[in-house]
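Got chain W sorted already, so can you dock chains C, D and A onto it with the hints?
Chains as they are written, first to last, in the working numbering: chain W, 1 to 664; chain C, 665 to 995; chain D, 996 to 1139; chain A, 1140 to 1268.
Treat the hints with care, since some could be wrong.
Lysine-lysine pairs mimicking DSSO-like chemistry, simulated, CA-CA at most 27 Å apart [unchecked claim]:
hint, chain 1, residue 1, chain 2, residue 2
1, W, Lys402, W, Lys460
2, W, Lys460, A, Lys1204
3, W, Lys29, W, Lys106
4, W, Lys608, C, Lys766
5, W, Lys503, W, Lys350
6, W, Lys465, A, Lys1163
7, A, Lys1159, W, Lys402
8, A, Lys1159, W, Lys340
9, A, Lys1163, W, Lys474
10, W, Lys407, W, Lys465
11, W, Lys383, W, Lys423
12, A, Lys1163, W, Lys340
13, C, Lys733, W, Lys608
14, A, Lys1268, A, Lys1143
15, A, Lys1223, W, Lys340
16, W, Lys172, W, Lys242
17, A, Lys1223, W, Lys402
18, W, Lys474, W, Lys371
The following label-pair restraints were derived from C-beta to C-beta distances [claimed, not checked]:
hint, chain 1, residue 1, chain 2, residue 2, range
19, C, Leu979, W, Glu445, 30 to 40 Å
20, W, Asp520, C, Asp961, 17 to 27 Å
21, W, Glu445, A, Glu1176, 39 to 49 Å
So the derived list for chain W, only partly shown, Cβ under 7 Å to chain C, looks like this [unchecked claim]:
hint, residue
22, Val597
23, Arg621
24, Pro641
25, Ser642
Keep in mind the hints are simulated off the structure, nothing from the lab. From the three backbone atoms N, C-alpha and C, an ideal C-beta is built for every residue, glycine too.
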Amino acid sequence: MQRIGVFVCWCGSNIAGTVDVKAVAEALKSEPGVVYSTDYQYMCSQAGQDLIVQAVKDNNLTGLVICSCSPRMHEATFRKTAATAGLNPYMVEIANIREQCSWVHKEMPIGTEKAIILGKAAVAKVNLNTPLTPGESPVTKRALVIGGGIAGIQTALDIADAGFPVDIVETKPTIGGKMAQLDKTFPTLDCAACILTPKMVDVAQHEKIRIFSYSEVAEVKGFVGNFDVTIKKKARFVDETKCTGCGDCVDKCPMKKNPNEFNMGMDNRPAIYIPFAQAVPKVATIDAGACTMLKKGKCGLCSKVCGAGAIDYTQKDEFISEKYGAIVVATGFNVISMDKFDEYAYNQSKDVITSLEFERLTNAAGPTAGKLLRPSDGKHPHKIVFVQCVGSRCENCAEKGKEYCSKICCMYTAKHAMLTRDKYPDTDVTVFYIDVRTPGKNFDEFYRRAVEEFGVKYVKGMVGKIVPEGEVLKVQASDLINNKQMHIDADLVVLAAAIEPDKSARPLATMLTASMDTNDFFTEAHPKLRPVESPTAGVFLSGACQGPKDIPETVSQAGAAASKVIGLLCKDKLLGNPCIAGSNELMCNGCSSCERVCPYGAITYLDKEFRMPDRTTKIRRVASVNPAVCQGCGACTVACPSGAMDLRGFANDQIMAEVDAICK
Amino acid sequence: MQKITREQLLDRAVALLSDGTVNSVLGWQKGEFDYDVTPHIFKSADELKEGFVWNDFCYANFSKYLVLKTDRIEGKLLVFLKPCDTYSFNQLLTEHRFDREKVYAIGVGCEGMVDVNKLKAAVDGISSIEATEEGLKVTTIYDDEPTVVAIENVLLERCVNCKSKKHVAYDELMGEEGEIIDSARFDEVAALEAMTADERFAFWQNELSKCIRCNACRDACPACTCENCVFNNPNSGVETKAPVTSFEEQMFHIIRAYHVAGRCTDCGECSRVCPQNIPLHLLNRKFIKDINECYGDYQAGEEVGMRAPLVDYTLEDLEPGEVLNRRGEDA
Amino acid sequence: MQVKEYKPLIVAFCCNWCSYAGADLAGNNRLNYPADVKIIRVPCSCRVNPMFILRAFQRGADGVILCGCHPGDCHYTSGNYYTRRRMAMLFSMLDYLGIERERTRVEWVSAAEGAKFAATMNEFVEAVSALGENKRLEDLRCKR
Amino acid sequence: MNKKDLLREEIIRRSGVNPKKCMKCGKCSGTCPAYEEMEFHPHQFASMIDSGDIEPLIASESVYKCLSCFACVERCPRGVEPAKLIEAVRLSVIREKGANRMTANDVPAMVDEETPQQLLVSAFRKYTK
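One chain only, chain W, in its complex shape:
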């Protein structure tokens, strides 16, 4: 049986003006468990707190009910008071008789009556309170960054610079991501490679960073501070430690006709390849689907020419297990497929290209060595049409495009148009737009320059259809401002295709129990206040995996994610919230209902042996709550059909007792 002390606060006249505090203290004296009851002018003052501490000592109190202001105001204060008095801080309950009583009711009898009832409810609850202690868990001081684009690179560098080891997992043979494929970057027009490749080198040379290129995350177990991750290192058939990246094998390989992914398939690469000159790691990789040695056992030329003896046709996928304290997702984006946009003739004509393909066409390291030439016949295009919002802002999202704005297209289209006019002033450039969205530093100025200084024609309207006819592309479009239909014979059409999260994101989210929105972007813990954290503790978000972003934004978010990771890894131990769910294993059915509603993936299942009444044993599947992950929402307690799941601090019997006390 508890020995409860009731402390009714006057809060000056704030409470005492509408509530007869003496009557409340008196009425609560006769409640079950109450052995002491008093009132005081300011319970939260030092004198008030001293009074509580003294009362605990004098009366051997085990639980406290404070009738005062909102627990959101002073619950923490009174919990500390309880701790000072030698009680468990969670043996305190607050009856909110100020904000929810004296301040909203006018008449003394009514206020007093309600205050007594609220006090009774709090007493009923404290009677069932049990001491709670927050759980502790250690922190592995190493971070995992999934994705080696600019987001992952920046996050990894920032974490590593703070002194924590970081591993980067990248599915491609090299880090660098999409930014490595870009030519110039808006709004400053500095060259992407010039600012990215030094960072790639920094990563490669950083003593705290390991790169797992051509690798994937295969399995994630554990929780914040203690993730167990299995990384699959795909066989690249080249010994990374031996390969010097000299490129002799690449030159000699006879299987030269494989679409070059780095150049968006606009030229070819051999079966053994290094994606680009500044690749990190600069190591060759054999495309197993294209290599005749791997397919038929014939050839072996690369092995013969390799001075380092790095070629290993017997290499197998390798699995590496490592522990991490935090995981950063930086899986980035891809351009959506244009297959369903028949009206733009993407699949009919080589001269209808996406903007990312255009980047490669204008890049000095691209298939045309930076000369703007039509993919079909290598001629210089004189009339270029850019189409914005291709697949973005679509209502029928499931079928064709995406419902969201891809955010970066307006700016890169302005960039492409401007650069084209700059380099080839004889080229006629028309951009069709629905809206031009330039809300960034120096963005609108950039767009205006494209129009005013470089003479790019911006037409408010949309291209309805494109028909390839002979050497030209017949573009039919609307010009809404002039209320006319336009017909342009273009040499090249560039589609600003929508971007979407990388396909690897969805299975990864499942592994991480991190939540995603319907578009497969990772959701943040709070859209405004916790924008770089996933709701799953210990999982952080960096870059376009969370939503469309340009480079400056991605880098800011990467830094923010890194600082969150550093904040976590700095701790030696994590203290949990003690008000968390717990399952009574004897009653648990193992039905998985709780697991399905848990927003944090805090619930796992164990096969446990139970002794039955007839002395036999039985193995049953039972739920187990990870105290480091559970946030205490209680969704599981209601989903649980048997009532095995309960929430500490807000237990079924406690809430039921409050209901009973109020309804008595």
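For chains C, D and A alone, kept in the frame of chain W given last:
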């Protein structure tokens, strides 16, 4: 009359027992009267030949038995499942309530089962029953000549409104693969919904006041397999067994129906076993109908691993007020 | 003869992060609502077991209202979405049994909506008062 | 509700289209093969119906110039379906007494050896009530 014969099932069961595929059989056993067929675990071929039956009275849904029985026996258990039973079978698998590896399931085609109460109401003093093409030939202690009762007049409610002749789970199927039926099972619920609140209250007060709190509905329900039922748990706040006018009593049926909401396959066992003939299925079907209307068609147990609607959500779900008022102010 | 004015008993479950704070804000702004409303604090609206609501009714509550964060704003990201389904189904069932639908309600009240909290409570108390005492749930199994 | 609003409601109900969804991209007019023939273009139908400015549309020949090829319906990124709006306005016109666009008497003048029967049938379906 069932299309599959007792002999077909018996032969198959004996064969599976003798080749060691299974070492016991969960089947229906002859009772004292022809209509009180009871579930039984047969351990040998002889026992099967002696007591196994398959007829129009094999109404019991065996799925629930698997939860306890698969733990208690060695080797595999052969179970016979009618189409509606297979939904419960899948639902229990979804909830990890038994080990699929320990069960060999034979799907048995079903032509509908007889409601013994209806039969008794039609014919008094039954001494024996024989299934024929024309119907049930019922011999009574009063008459020399047997009475023939057409089976469609005495079918169980759940069979009259059969939702599926399709087996959604089995290792082996005997008889033809059936179809999912577009049944009229929600008509009664809709009729109640169309009444005024006063009429509905009068209806339910009349029905629920009959309850003697025997717990048969819970005990027969294949969704009620909790290790420790809340109604037996002194800490749940709803435990009690005596029929008193307390909370537990007043709320029993609401809590019971809510507990199985989204998991109930509408197998109809609750109504079948109710000794007071309370139409309990109308509570379960109300939830199913609401779920179908508000969150999209959902048939519990259709597949293993489905996410039940009450442990799921969409961002566009209706507000509770919209659900309540979707048919107008008071309807 | 003086007739004692009927005072309904209303139980309000409020989530800690939004609605309880909204109720506090109503207090801060001294927005009056009837004292018949008694608030129980829960971490999230999804903590509210239908059993609690039924229990309140059985112990004599005339109305039960559940307040949580607006959909999309849940502190725990998705708790109120589950609440929305659970309560929709429970209230629909009570309605089906003939219990007056005005006695149950779910309202989303944010921490900034003190005025909405007070207005909601005023409205709800008025609606429940109009119905009078809650007899039906109690009488559900007691045909006389 | 005044007459203008009534007409707007009627058109929206009949077409089953919500013109508010239009984001004014102009792809419908960009794709329209009958654009030059029309006084008001598909995107204007969406915009003018939304603003209740329907009388000029009714008075215009544009409702007959639309080929009902549904290219705009197919390509609208927002699912607005301009052709259905045009259809709804056309119905408002031809449902007026005596406002059929063509009668049987008009047919002989239109027919030559290459005119398929089907064309006449669909023209009747489209231009008469």
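(message) To test your reading of the hints: which numbers does this structure violate?
(response) Of the numbered hints given earlier, the structure breaks none, since each of them holds.
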